[in-house]
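Enquirer: For the sequence shown, position 290 (counting from the first letter as 1) is numbered 292 according to our numbering, and the numbering increases by one without interruption.
Keep in mind that a hint or two might mislead.
Straight-line alpha carbon distances no greater than 25 Å define the calculated SDA-like cross-link-like pairs of lysine to any residue that follow [to be verified]:
hint : residue 1 : residue 2
1    : K53       : H22
2    : K17       : R39
3    : K17       : R109
4    : K53       : R109
5    : K53       : L34
6    : K17       : P38
Source of the hints: derived by calculation from the structure; they are not laboratory data.
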Amino acid sequence: MCATPTKPRARVTLKDIAAHCGVSVGTVSFVLRGDPRFSPDTVARVQAAAKELGYDPATNHAARRLVMMGRGGKVLNQLAAVLLPAHFIRANYFAQLFQGVSEVLTRERYGMLMLPLLGWYESPEELPFLPPTLARGEVDGLIAFEAQRDAAILLERLSTHYDLATFPIVFLLHAMPGYASVIADDEAGGYASAAHLLDLGHRALLFLPEMTGSTEIANRRRDGMRRACRDRGLGSTALHELPIAFGPSFPPHHLDPAGEDAADHPLVAYLRAHPEITGILARNDAAACRIANLFARVGWTVPGDYSLIGYDDVDALRDDAGRNILTSMRVPLEEIGQTAVELLTRLIAANTTSAEHIILPTELIVRGTTGTPRA
3 MCATPTKPRA RVTLKDIAAH CGVSVGTVSF VLRGDPRFSP DTVARVQAAA KELGYDPATN
63 HAARRLVMMG RGGKVLNQLA AVLLPAHFIR ANYFAQLFQG VSEVLTRERY GMLMLPLLGW
123 YESPEELPFL PPTLARGEVD GLIAFEAQRD AAILLERLST HYDLATFPIV FLLHAMPGYA
183 SVIADDEAGG YASAAHLLDL GHRALLFLPE MTGSTEIANR RRDGMRRACR DRGLGSTALH
243 ELPIAFGPSF PPHHLDPAGE DAADHPLVAY LRAHPEITGI LARNDAAACR IANLFARVGW
303 TVPGDYSLIG YDDVDALRDD AGRNILTSMR VPLEEIGQTA VELLTRLIAA NTTSAEHIIL
363 PTELIVRGTT GTPRA
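With the hints as constraints, model all of the structure from the sequences given.
Expert: This is the structure:
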């Protein structure tokens with residue numbers, strides 16, 4: 003036996019709410035959009051009537067949006083786009099950023115359009131088509147983790163759908179001239195990392211940046227390291243640099259030494275050619291863990307033969323008891339994500355853009371991979 007079809011419920015309009023509580027349609031419209039000019043009693047009456055009648059604000063918003071767009075107006079959709087690498091869910095680094103972003107978007111009652119772009123970092127010129135929601139202009143603002151070269155391509159694509167002079171964008175960890183950004187104080191982080199080793203007695207350090215070695219983050223950290231050397235009366239020869247790859251940087255493969263010939267590894271060869279080096283500054287924790295494993299395979303110890311510092315404080319190097327022993331520079335990734343959303347929603351509410359540049363502090367976490375240099 004078939005159930006009797008339920009009669010569709012009639013759509014509740016603003017006029018219905020106005021008639022129910024005895025105010026004008028205009029008053030209902032303004033109250034439901036959060037206009038602060040009305041008394042608490044009026045707001046309570048309108049909200050109670052809307053709830054009692056089963057009003058669906060999404061229906062009215064869609065109609066209003068079409069009208070506003072036809073008049074060239076701007077409509078708030080309570081939707082932000084977030085651009086992170088496709089592997090963000092598997093990497094502690096990006097997971098912490100995402101945690102901060104999602105917490106504040108939820109608190110501010112914003113929806114999220116995720117753009118996990120696959121292959122974007124390998125071939126940024128092959129940025130795939132923008133999702134229809136973004137291409138239709140239905141997003142209020144964008145949060146993006148992009149270096150300057152990649153950001154320029156992204157902005158070019160966005161400019162075909164948005165007026166970038168009025169579309170709020172906040173960049174995470176990378177500063178893009180002319181746009182808002184929230185970054186870590188990597189210059190201070192580089193300084194504190196190098197200073198820690200130098201103050202332990204090390205006099206020759208090796209910095210291992212990304213393969214390019216020329217990103218804004220690497221440049222800021224390098225500047226800090228060099229300043230730490232100068233402040234202690236050491237010349238430029240105190241800081242060596244070797245851009246080198248250590249395989250995939252993110253779990254689960256970042257600790258896998260398969261395919262690496264430890265004895266012939268470029269890092270091992272460089273250190274043998276420069277015995278004065280006793281302290282190593284890795285580009286991130288994943289690289290530091292891989293370095294420690296590489297050293298173990300050639301019979302070197304940390305910190306007995308080499309002191310080692312990671313960066314970001316998101317991945318652990320564990321001892322036999324399961325304790326994290328990696329000295330690392332902590333970056334407030336979750337707070338950076340939170341601050342970026344707070345800045346973005348503030349710009350959206352003010353219907354403006356900004357080149358505001360917020361810098362959050364880093365913190366050296368000293369554990370067991372740093373000590374006095376070998377004799």
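Enquirer: Against the structure, test the hints numbered earlier, and report the numbers of the ones violated in rising order.
Expert: Violated: hint 3 alone.
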